[in-house]
Amino acid sequence: MKIVTYIRVSTDKQGRSGLGLEAQRAAIAAYANTTNAVTLAEYQEVESGRNNARPELQKALKHARVTGAKLVIAKLDRLSRNAAFLLNLQESGVDFTACDMPDASPFTVGIMAVLAQQESKMISERTKAAMQAAKARGKTFGNPNGSAPLRRAGKGNTAACEAQRDAALTRANDLSDVLEDLEKMGFTTLRAQAKELNKRGIKTARGGRWHANSVARMKARLAQAA
Numbered sequence: 001m002k003i004v005t006y007i008r009v010s011t012d013k014q015g016r017s018g019l020g021l022e023a024q025r026a027a028i029a030a031y032a033n034t035t036n037a038v039t040l041a042e043y044q045e046v047e048s049g050r051n052n053a054r055p056e057l058q059k060a061l062k063h064a065r066v067t068g069a070k071l072v073i074a075k076l077d078r079l080s081r082n083a084a085f086l087l088n089l090q091e092s093g094v095d096f097t098a099c100d101m102p103d104a105s106p107f108t109v110g111i112m113a114v115l116a117q118q119e120s121k122m123i124s125e126r127t128k129a130a131m132q133a134a135k136a137r138g139k140t141f142g143n144p145n146g147s148a149p150l151r152r153a154g155k156g157n158t159a160a161c162e163a164q165r166d167a168a169l170t171r172a173n174d175l176s177d178v179l180e181d182l183e184k185m186g187f188t189t190l191r192a193q194a195k196e197l198n199k200r201g202i203k204t205a206r207g208g209r210w211h212a213n214s215v216a217r218m219k220a221r222l223a224q225a226a
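Mapping of the sequence shown onto our numbering: position 94 corresponds to residue 94, and the numbering continues sequentially without gaps.
Read the hints as simulated data drawn from the structure, not as lab findings. The beta carbon of each residue, even a glycine, is placed where N, CA and C say it ideally should be. There could be a bad hint or two in this list.
No more than 25 Å apart at the CA atoms, straight line, and that leaves these computed lysine to any residue pairs for SDA-like [said to hold, decoys possible]:
#: 1; residue 1: 219; residue 2: 162
#: 2; residue 1: 199; residue 2: 162
#: 3; residue 1: 219; residue 2: 186
#: 4; residue 1: 219; residue 2: 202
#: 5; residue 1: 75; residue 2: 34
#: 6; residue 1: 2; residue 2: 37
#: 7; residue 1: 2; residue 2: 92
What follows is a set of in silico ranges between Cβ atoms, one per label pair, in the way DEER data are often shown [unchecked claim]:
#: 8; residue 1: 130; residue 2: 67; range: 46 to 52 Å
#: 9; residue 1: 177; residue 2: 217; range: 15 to 21 Å
#: 10; residue 1: 203; residue 2: 127; range: 22 to 28 Å
#: 11; residue 1: 192; residue 2: 36; range: 54 to 60 Å
#: 12; residue 1: 100; residue 2: 131; range: 35 to 41 Å
#: 13; residue 1: 162; residue 2: 10; range: 24 to 30 Å
#: 14; residue 1: 133; residue 2: 67; range: 35 to 41 Å
#: 15; residue 1: 68; residue 2: 212; range: 50 to 56 Å
#: 16; residue 1: 133; residue 2: 201; range: 36 to 42 Å
When you get a sec, could you build the whole thing from the sequences and use the hints?
So, in structure tokens, the structure goes:
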């Protein structure tokens, strides 16, 4: 049997240090030894957490399709909650297995993708319910001037809320490289990063100024989208 292997590390630093790589390679080696598999290639993904783009996964899937090999994933773990990743894997048409979830199959991955989407929907609904309850108690959120267009469109308008979230996530993705540069330059606190963003004339998704809590929300969006 021919296999193409796919391993993941979370950051550039972790990728350079090899932290976690040996354990993943050991798991793959054990699988290959048990199945008498021949490894054609290894693809290593260094994940930044900024978005769902995984170029090395696409290369691994293409290699497996071209050669008729099985894709062996060392660690599925938290990716089992990532609907985009799971659907991509399922729709690739590539036979695969995960060393940490050996029972995973295109069928079970499809179920996992549905569950991941449902979990995301439930989190969103709970967040909306909590905000509505808080508003009922008289609590306000964000800059009242910045939210005026949404109020005109109608309070509680689901489509408008989703559009706002999408715009905020797009903005966060656009600024992810800027945040990374700021941290490299020594701006490591939320307050310092907010100050530098304002100094550079960079606006929030609503066109306002940055504060420590708005930087924190942007980072949370990036982490949730990872």
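Hint check:
1. Distance check on the hinted pair: residue 219 and residue 162 sit about 18 Å apart at the alpha-carbon level, within 25 Å; holds.
2. At most 25 Å may separate the alpha-carbon atoms for a hinted pair to count; residue 199 and residue 162 exceed this at roughly 30 Å.
3. This hinted pair checks out: residue 219 and residue 186 have alpha carbons roughly 17 Å apart, not beyond 25 Å.
4. Pair hint residue 219 plus residue 202 holds up; C-alpha atoms about 16 Å apart against a cutoff of 25 Å.
5. At roughly 18 Å between alpha-carbon atoms, residue 75 and residue 34 fall within 25 Å of each other, so this suggested pair holds.
6. Proposed proximity of residue 2 and residue 37 is supported: the alpha carbons are some 6 Å apart, at most 25 Å.
7. A C-alpha spacing of about 17 Å is found between residue 2 and residue 92, which places the hinted pair at or below 25 Å, so the restraint holds.
8. Residue 130 and residue 67 have their C-beta atoms about 50 Å apart, which keeps the hinted 46 to 52 Å range intact.
9. At roughly 18 Å, the beta carbons of residue 177 and residue 217 sit within the given window of 15 to 21 Å.
10. Separated by about 24 Å at the C-beta atoms, residue 203 and residue 127 satisfy the suggested range of 22 to 28 Å.
11. A hinted range of 54 to 60 Å holds for the C-beta pair residue 192 and residue 36, which are about 55 Å apart.
12. Between residue 100 and residue 131 the beta carbon distance is about 36 Å. The supplied range of 35 to 41 Å therefore holds.
13. For the pair residue 162 and residue 10, the supplied restraint of 24 to 30 Å holds, since their beta-carbon distance comes to about 29 Å.
14. As the Cβ distance of residue 133 to residue 67 is approximately 55 Å, the hint placing it in 35 to 41 Å is violated.
15. A beta carbon spacing of about 53 Å between residue 68 and residue 212 agrees with the range 50 to 56 Å that was offered as a hint.
16. One distance hint, 36 to 42 Å for the beta-carbon pair residue 133 and residue 201, holds here, with the actual separation near 37 Å.
Of the hints listed earlier, those the structure fails to meet are numbers 2 and 14, in rising order.
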